[in-house]
Every structure is written in C-alpha cells, then in structure tokens.
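J.: Chain by chain, the residues:
Protein chains: 2
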Amino acid sequence: MANDGGQVRRNKQVKLKEYVKGFPKESDLYVTSDSTIELRVPDGSPEGAILVKNLYLSCDPYMRNRLGESKYAESPSYLLDAPISGFGVSKVVDSKHPNFKIDDLLWSSRIQWEEYSVITKPEGFFKIQHTDVPLSYYTGILGMPGITAYFGFHDICSPKKGEYVFISAASGAVGQLVGQFAKLTGCYVVGSAGSKEKVELLKTKFGFDDAFNYKEVNDLDATLKRFFPEGIDIYFENVGGKMLDAVLLNMRVHGRIAVCGMISQYNLDRPEPVYNLATVIYKRVRLAGFVSFDFFSRYSELLDAVLPYIREKKINYLEDVAEGLDSGPAALVGLFSGRNIGKQVVAVAHE
Amino acid sequence: MANDGGQVRRNKQVKLKEYVKGFPKESDLYVTSDSTIELRVPDGSPEGAILVKNLYLSCDPYMRNRLGESKYAESPSYLLDAPISGFGVSKVVDSKHPNFKIDDLLWSSRIQWEEYSVITKPEGFFKIQHTDVPLSYYTGILGMPGITAYFGFHDICSPKKGEYVFISAASGAVGQLVGQFAKLTGCYVVGSAGSKEKVELLKTKFGFDDAFNYKEVNDLDATLKRFFPEGIDIYFENVGGKMLDAVLLNMRVHGRIAVCGMISQYNLDRPEPVYNLATVIYKRVRLAGFVSFDFFSRYSELLDAVLPYIREKKINYLEDVAEGLDSGPAALVGLFSGRNIGKQVVAVAHE
Numbered sequence: 001m002a003n004d005g006g007q008v009r010r011n012k013q014v015k016l017k018e019y020v021k022g023f024p025k026e027s028d029l030y031v032t033s034d035s036t037i038e039l040r041v042p043d044g045s046p047e048g049a050i051l052v053k054n055l056y057l058s059c060d061p062y063m064r065n066r067l068g069e070s071k072y073a074e075s076p077s078y079l080l081d082a083p084i085s086g087f088g089v090s091k092v093v094d095s096k097h098p099n100f101k102i103d104d105l106l107w108s109s110r111i112q113w114e115e116y117s118v119i120t121k122p123e124g125f126f127k128i129q130h131t132d133v134p135l136s137y138y139t140g141i142l143g144m145p146g147i148t149a150y151f152g153f154h155d156i157c158s159p160k161k162g163e164y165v166f167i168s169a170a171s172g173a174v175g176q177l178v179g180q181f182a183k184l185t186g187c188y189v190v191g192s193a194g195s196k197e198k199v200e201l202l203k204t205k206f207g208f209d210d211a212f213n214y215k216e217v218n219d220l221d222a223t224l225k226r227f228f229p230e231g232i233d234i235y236f237e238n239v240g241g242k243m244l245d246a247v248l249l250n251m252r253v254h255g256r257i258a259v260c261g262m263i264s265q266y267n268l269d270r271p272e273p274v275y276n277l278a279t280v281i282y283k284r285v286r287l288a289g290f291v292s293f294d295f296f297s298r299y300s301e302l303l304d305a306v307l308p309y310i311r312e313k314k315i316n317y318l319e320d321v322a323e324g325l326d327s328g329p330a331a332l333v334g335l336f337s338g339r340n341i342g343k344q345v346v347a348v349a350h351e
Numbered sequence: 001m002a003n004d005g006g007q008v009r010r011n012k013q014v015k016l017k018e019y020v021k022g023f024p025k026e027s028d029l030y031v032t033s034d035s036t037i038e039l040r041v042p043d044g045s046p047e048g049a050i051l052v053k054n055l056y057l058s059c060d061p062y063m064r065n066r067l068g069e070s071k072y073a074e075s076p077s078y079l080l081d082a083p084i085s086g087f088g089v090s091k092v093v094d095s096k097h098p099n100f101k102i103d104d105l106l107w108s109s110r111i112q113w114e115e116y117s118v119i120t121k122p123e124g125f126f127k128i129q130h131t132d133v134p135l136s137y138y139t140g141i142l143g144m145p146g147i148t149a150y151f152g153f154h155d156i157c158s159p160k161k162g163e164y165v166f167i168s169a170a171s172g173a174v175g176q177l178v179g180q181f182a183k184l185t186g187c188y189v190v191g192s193a194g195s196k197e198k199v200e201l202l203k204t205k206f207g208f209d210d211a212f213n214y215k216e217v218n219d220l221d222a223t224l225k226r227f228f229p230e231g232i233d234i235y236f237e238n239v240g241g242k243m244l245d246a247v248l249l250n251m252r253v254h255g256r257i258a259v260c261g262m263i264s265q266y267n268l269d270r271p272e273p274v275y276n277l278a279t280v281i282y283k284r285v286r287l288a289g290f291v292s293f294d295f296f297s298r299y300s301e302l303l304d305a306v307l308p309y310i311r312e313k314k315i316n317y318l319e320d321v322a323e324g325l326d327s328g329p330a331a332l333v334g335l336f337s338g339r340n341i342g343k344q345v346v347a348v349a350h351e
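First to last, the protein sequences are chains A and B.
Residue numbers for the first sequence follow full-length UniProt numbering, so the first one is 1 and each next one is one higher.
Residue numbers for the second sequence follow full-length UniProt numbering, so the first one is 1 and each next one is one higher.
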C-alpha cells in the first residue's frame, strides 16, 4: 500500500568527512541539508522496500571503529561523505513490504543518520510492539545495550546471589543496566565512572552498593582492594587497559570477566598493555568476549524480563538526549570523553 | 606393621640456597649428604605416618614460582636450606598407615627431593595400581601433566573434530600430550618449540600436522597466518607474552584459549605486555585459566582413557631422564632454557 501523495522535502544528514585518527572531533563529521527526498518509496524499488522517518539515533562506543579505518571485517568503516549509521528507532512512512505498514515503529542497527531513509531490503528491522514506554528506550534498555547488558551479565557471567561484581563505565548505557541486573540477582555491586556526578548517580539512582571516580584514583589496584577486600567474582569490562590490568590482580578463584567493550582503547594508536594475565591460571579466571548480535534471536526474553521491571519501576534508566540532527556530531564525539550522563541518544524527531 | 630392622643411612638432599631472581641457576640449589635417616617410621610418629624411598622426581614449570619469592598463596615459596619438593613417585619402605603397605608405589605432589622421606600425614598420595607401564610415567602422562593435558584439552577447550589447534611449548610434558589428544580427536594440530630437533620430534614422533621453531621466527603473527590461513580455534597456552599476543590476532570466531602456564614469563621481573586483548570481543574468544588440581578427583577417567592408548601404542610419550639426585639442580634449571627434550624427570633410584 504505497503513499502516492509523497511530498518532496529536505533531508538533513550527518556525514563523515574523513577517517578518524585518535580521539574523534566534531569536525570529523558534518551536517548537510543538500539532499532532498520524496516521501514515498521510489518507483522501481524492489518489492519489500520501505521509507522511514528516523526518530532516535543511538550513540554507541563500537561506532568509533567504523569512524576510522576499521580493524574488523565484522564492523566495516563508514563510507566518506555518506550518512553514518547505527542503532535507532524509525517510523514507517511508506511501505512496499508485506510485514511493515505505514506508522509502524521499528528499531534496527541499520538506521542512517538522516531525517528520512529509503530501505530497499529492511532485514534486521524489529517491529516495536510495546509503546507504553518511551520509544527512545529501543536504542537502549530495550535495544542493543539492553541485550548486551542482560545476556552479557546473565549468560556470560553466570552470576550467583552474594557474588562481588565490578562494572567499569558503570553509568553508561550498558553499565547502569548491568549494575541493576546484578542488584536484582542479589550481588554486591561497585561501579567506576569518570565524574563525581556519575558516581553519585550510581549510588543513588541506580542502587549500586558503592562507586568511585577512576579519574581521582592514583592506584587502581589499591582502590579495588579497598572496595573488594574479598576480591571480585565478576568483572563486566567496558574500558580495557589499566583498569583490566588492576582488576586481574583482584579476581577471586573461578572469577568471570565478560569483555563487552574497551572504550578507553578505541582512540589509541596502540592499545595499552596488559601485564597481569598470568593471574588467570591460579585463580582459574575465565575471560570471554561477546557481542550482542549473538543474542538477538533471544530478544523476546529481554522484553519478558525487563518490560515488567520498567513498568514496576524496579529499574531506573537514564538517557542523555541531544535534540536534533545538528547536535549529532557533538553527541557522538562526546561519548569518547565521557561527556554524556547516561545513555547518549540523538532525537531527530519525537514522532 | 613396622619394619623393625631400620638401618641408618645417608640421605642425600637437594636444597634451595637462596630465593631465585630472574633465570634460575644451578648454584641457586645445592646437593648435600649431611643428613642421615633410619629406614623406619620414627618412634612417636603419629598413626598414619609412612617412610618412603623416592624414585622419580618431576621437573615442572610451576616450580619456578616456588623457587622465588612466591606471588601466589596457592603455591608458596620453598623454605631455604630445606629439600625442595614437587611431583614424584615413591615406594613405601615402612608404614604406620592402614592403606599403605611396604613396597606400595605412590605418586604425589608432595615428594621431597631427597633419597628417603618420612611423611607424617600422607594426604594427597595416590597408590599406583598399574605397573605394566614405566613408573616414571606417573610424573607425566599418568600424573599431573597428563591430568593437565587431558582435562585442559577436553574440558577447557571443548574440541570438535576438524578444528584448528595450536600448542606452544609443544614438545614439553603437557604439550606433546595435548597434541596427540587433539590428533585423536580429529583436529589439525600445529606446535611451536625452541629447536630444530624438537620441531622434528613434533612432526615425526608425536604426529603433529606441522610445527615451527619460534626462535627462528621474526614475525610471529605472519608465521601463525601462514600455518593457520583459516585461523586458530583452540590455543593451548603454555608460554604467554609475545606468543599469546600474536595468537590473539589469529583466533577464529568462538575460539578458546586454555591458559595452562606461561613459562616464558616466570623469570621476568615484569611480565611481557599483551596488547591485543580487544580482539576477544568481535571474535567472541573465551580465555580460561585452569589448574590440574581441580581435576584430580577425576583421575580414574584419565587412567581409563590413556592406559589403553599407551598399551596399544596410540600415544608416544617422551621423557628426558636425568640420573641421580646430583643431576637434579641442572635438570630443573634446564627446564627454563628449554634444554630438556620431552618431559624432564630426575631418577633418584629405579626401584
């Protein structure tokens, strides 16, 4: 059912100017209104094509790799002078797809940073069924970061009640959720973050047992020993480098380390060294990398578990919403200096 | 049933002179014949004491830590000017223990480097039931290294037929067994070792598909890419440092790394850095440390599996036997420069 009255309008876009080296800068990206788009699936598009209005864009650490010359075939570089893309929420404006109707709400990893997009093959687009929660949550607690936190913690870490859990980058999209899942499991939870304000949030809003500002710490090993006199059973790794090296000195026997990301390393030419890996032998530590995609097929488990938590206010979820595509470059770049407080989202439009 | 005719005789011992720093030297140890011992359990010993004649002593990499100022409570420093100890095989000469009779053969982690020992509480001594194989095998293929290789490979690595397996320190006590277990599982197996002779052994005697001398390699990463164009599914880690860093660049998706030891690191003041840990994320690599003690309760499984392999000559097992306690210090120290070819054993006496 095509929308034949497709008007032509401006289509603002965020594009990559050159491949990022070191810390990303706002000037590595640019916003342009040069393009126009007709608000209907173009004639001659393949059956199944849709046209979407993009509502919420997700800023995620993994995008750093795509902004540069990618080291991973699994996550290729963005094209220069083309809209970047990532997780986000969109609304169907026109559809030649049997399963997607006008006004359907979708989330996907393939949302382009522009106002409207034609998607010729909408594979990997999930229809949003529950709209009693904010739509932007599908870029976070009910999207990729939620999947990462929920399955990363429960499946990769195999937590048990009473265990000692440490989370780095703990106020971020994933960390804040892992901490709360760990508390709901009956664990003792400490988080690290990069400002006094974030540390306060961890202890008040997110219910962590304790928290510290890693930027104010000279001796990470001694700090961890103070917060975990019995050692750490589970480390949810979001940062890498020096923090991981200190954590390795403080793991308990049969401890688990889930390596979700290493944001502190993404902007370095050469990653920071890790010296203390031999500690995994006597401590029988298991360190496992994982990616959220492996758990997408179990998305309904996340909804079943987490929607009630949200509705019953058993979980707090904090977003840092930047308004408008013009604020996109600053929002994305800010992620790597920790400027955001909570999950960084760009609201292109609210409906 | 005490042996009342206990004669008094010399009791040669190998003792630690001072705590080792850096690479162990023969002069860090000394052999002394100052002690004598009466060949019966001393009067007044607690019920359960035994007196043993020590036959075979095992030289194992973990002993490096005990020769120095130990970093691990689980594996404390040896006492200075006292016999060192380790795995070995002994024969009961006198017994006040209901389960151990004169002439029983035992293996244990608590064998002292001396000709005879009084063991007041013989906990952790396993009675040797099968004597149709060489007794020294109970320091290796049928002892701790066998447990390490068998359960480390089958339990920690979860191998599947057709997978690509890489083993470092591959001609050593553990490596030679892991390689043969991997071949018996139907894997493709490559090993690294430190001499041309060892590389030949891997390919001929132990049936590895291929092998290389890491000392002749400038670029470990490129070398691994040549031997594993498809990447590595399983890495059995015995050395650490640069080798681990290169392996991390070559792991396949869902690869497993079993960290058995890191012998290249034991003599360094500061371990070598590892830079490439972030690769575990996209590749979903699992790295797990383990110790053989966790599998001692399943020792009978090893016997059931491996005794038939030995008897049917489906496994080759190579020992490097140094004769006499006097050769003990050189044998032990030689382990850390790779002087041994195969499992290093010291034969104190053959029966």
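Calculated directly from the structure, the hints in this document are not laboratory data.
The reader is advised that the hints may include incorrect statements.
A pair counts as met if it fits within one copy or between any two copies, since identical chains are not told apart.
Straight-line C-alpha distance at most 25 Å; calculated DSS-like pairs for lysine-lysine [as the list claims (entries may be wrong)]:
#, residue 1, residue 2
1, K17, K96
2, K225, K196
3, K71, K242
4, K71, K225
J.: Would you mind marking each hint as holding or not holding in the structure?
T.: Tested hints:
1. K17 <-> K96: Cα proximity of K17 and K96: none, with 33 Å in one copy and 83 Å across.
2. K225 <-> K196: For K225 and K196, only the intra-copy Cα distance (20 Å) is at most 25 Å; the inter-copy one is 46 Å.
3. K71 <-> K242: For K71 and K242, the Cα distance is within 25 Å both inside one copy (22 Å) and across copies (20 Å).
4. K71 <-> K225: For K71 and K225, only the inter-copy Cα distance (16 Å) is at most 25 Å; the intra-copy one is 35 Å.
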